[in-house]
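Residue numbers (the numbering used here), protein chains in the order written: chain Z, 1 to 426; chain B, 1 to 358.
Rather than coming from a laboratory, the hints here were simulated on the basis of the structure. Some hints could be false.
What the hints assert, rightly or not - To spell it out: a stretch of chain B is covered by chain Z in this simulated footprint if at least three of its residues, at any positions, have a beta carbon under 8 Å from a beta carbon of chain Z; those stretches are:
| id | segment |
| --- | --- |
| 1 | 107-117 |
| 2 | 334-345 |
Stated by the list, open to error - Estimated spans, in silico, between C-beta atoms of each pair:
| id | chain 1 | residue 1 | chain 2 | residue 2 | range |
| --- | --- | --- | --- | --- | --- |
| 3 | B | D130 | Z | H371 | 51 to 57 Å |
| 4 | B | E178 | Z | E8 | 30 to 36 Å |
| 5 | Z | V378 | B | S219 | 29 to 35 Å |
| 6 | Z | L32 | B | E50 | 25 to 31 Å |
| 7 | B | M1 | Z | L32 | 55 to 61 Å |
| 8 | B | G113 | Z | P381 | 24 to 30 Å |
| 9 | B | T228 | Z | G148 | 45 to 51 Å |
| 10 | Z | V378 | B | R260 | 42 to 48 Å |
| 11 | B | T142 | Z | N47 | 55 to 61 Å |
| 12 | B | T196 | Z | V378 | 17 to 23 Å |
| 13 | Z | L32 | B | S156 | 53 to 59 Å |
| 14 | B | G180 | Z | A53 | 44 to 50 Å |
Stated by the list, open to error - Calculated Cβ distances over 12 Å to all of chain Z for the following chain B residues:
| id | residue |
| --- | --- |
| 15 | A30 |
| 16 | T69 |
| 17 | D70 |
| 18 | V81 |
| 19 | T89 |
| 20 | H166 |
| 21 | D199 |
| 22 | G200 |
| 23 | R223 |
| 24 | R238 |
| 25 | G240 |
| 26 | E273 |
| 27 | S297 |
| 28 | W310 |
Glycine is no exception: its CB is placed at the ideal position from the N, C-alpha and C atoms.
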Amino acid sequence: MSPTDCSELVDMDHAATTALCDESIAAMEPFLMGTDLTGRGRGRYGNPSGSHALARDAVRALDEAREQVATVLGCEPGEVVFTSGGTEADNHAVTGGMPPRRGTPVCSAVEHPAVLRPTQALGGATVAVDRFGRVDLTALAETVRTIGDGHTGGSYTGGSYTGGSYTENSRAPGVSVVSVMTANNELGTINDISAVAEVVRRHAPGVPLHTDAVQAAPWLDLRSVACEADLVSVSAHKLGGPKGTGALVVRRPHTLAPLLHGGGQERDRRGGTHNVAGIVGFAAALIAAARRRPVSVERIGALRDSLAQRLVALDGVTETIDRRKAPTLPGHCHLLVRGVVGEELLLLLEQRGVCASAASSCASGAIGASHVLEAIGVVDPDVAPVRLTLGADSTPAEVDRAVETFTVSLDRVRSLSRRGAVGGAR
Amino acid sequence: MRVLAALSGGVDSSVAAAILLDEGHEVVGATMKLWGGESDTGCCSVSDVEDARRSAAQLGMDHHVFNYTDEFEHHVVAPYVADHAAGRTPNPCVECNRHLKFDVLLQRADLLGFDAVATGHHARVVRVEDGSLRIGRGADTTKDQSYVLHPLIGESLARVMFPIGHLTKGRVREIAAERGLRTAAKPDSQDVCFITRADGRESFLAERIELHPGTVVDSEGSRVGSVTAVELVTVGQRRGLNLAGGDDRRFATRVDVANRTVTVGPREDLNTEVLELEAVATAVSLGAGAEVMVQTSAHGSARPASVTHWDPSRSQLGLRWAEPTTRVAEGQSVVLYGAHGDDVDLVLAGGLATGGSV
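Could you build all of it, start to finish, from the sequences and the hints given here?
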């Protein structure tokens, strides 16, 4: 554990983030350096909100990127709102902007905190999931019916909000939005968004359905799996694009007030000067990921199967999700390891050059308890969760090294770690 | 050596790590996340972790955050609350050192292949003539922390380092400033890290146990005042007893939580000639008549006493003060230091004051 030599690390945490792909770098380069219209070699740096030649140059790039993103996500270019990433997109979708929609937001119990926290902040409801982490459709129908279908959401009409005030929000009747993630970030479990949409249509017609597709986007074709969601969140850095950019799809006829009020960018849905280079890099990464997807899904799925199969052969190691019963993303391998402190196993893996995750960290960087595991009923203090996630460029040699390292580390942590009096994994 | 440096985010531990690096050790920093829960406020807050992480980066070493919130709750916070509920005076810093820094952290250091754990305590590890190791007072007597480290006895001391124990606090801050560490001017931490100054002990305890109003009586049993929470009164306390006419010349001499009664009396009523200890651990053999220096609070001065009896099988020890002295609250840590020769300023033993010392 000397200061880490990153060149020797095996990344088994691609679900956290992944490297920029070549296509993304190439697409961004002209916007960061090189020839510009002033001849100074500072890149295409124009602000797309202006009207002169420099601005129009940036607008063209933005328009192209928006079309590319729309093509991959299966929506109209005008339905794409560029954001600073998944968290902003999720917050925007759940709140409906600032001021928030009237009514009560509803989400599944295993949502990312970017959905869960704003839902809770608005006094919303969470819906139980099955033991694989998929939303319970019966419970969802029940919750939505109970809250009532009197959707009275205010609408934003170009500057004057016609809905209720923030403080009235919790008293307003009806469901304001239903949010169910396409695939869970910790477990990799995939929801049937079409079935969720059917429940919303039947029990809360007119209420927007949001899906956080941040984790799913690298692996699933959102044109089909998320086509029935009205609002879709995507983040660039999970699929080979840069950090700090993403998008929220807002399908017509749904509208949103801006979350960030400002200069009226993004058709008055998101203020703030565009991150042009980031958006261009995001679009290029999306296109590249979509092109590679048929091959990478098969290849990485097989690698993951091999990884999981070899790890569950170890004593006291099981897969958290029975993948024969519930489909998961191809890169996800979520394990429960008996009789170890999870933090210690991860430290030993890192010491031997393998970066994995417990999938739940708090702001200080320490590993905390997982609301996802709690929701699927995994509360045994004697098992520790470990998440290994492969990326599109993961190799068989890396999987071999992960398996070897895991085996050795597990032996060591079991032989040396006296389990604390408090007991167990966190 | 490979050393795991516990970094609190304060100036002492960051300078301790710097000194180890200067001495040529391979050092990795670790911050123990002990408290804060979801909100990450108070002690071990995100900003303390950030200070630790930035100091580690400035010094060019790797840094980890270890989550020990369950262990801290179990070994430190829960006993702290239980002690108050029973009318005893707890020592959370002692328990944290005993169970967290020098037990679970030391174990993890072993697991990860480190030779030693270093902290920024103002104390020293001293090898005495017979070859054994003892905790000694830090060079800065005003900052000495040997009292809260007294449970460290025996072999584990061989794997413990206190790199700033020979320095004054002023010199520690100078070193931090010389190296441009962001912790150089950071204020010293508070006594009980998990209780914020804003909310205080009462609201902390009120969330966890039922606090009961109590009657204040004099030595004859006549009611002379009242307190809002008998669990919060400590023997020797003078303020906050709400005595008639604002009388503040009387002290709490007895706290009876079960009967919700606090007895007060003049200072003389607090005086005693003897002190009985339980849960005693000794670094040396202590026969009856042995002369020692005895410290009864983290920042108090040591006073002379002699051992009256020592029963290792029951971990009980009796002391007689050289001069009558104020009674020690039940549950308070009591640490014995050497009185003569090479033993001066070395921890010989430590234990807890019992209620039966009147």
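For each hint given before, does the structure comply? Return the numbers of the non-compliant ones in rising order. 2, 5, 7, 12, 15, 16, 17
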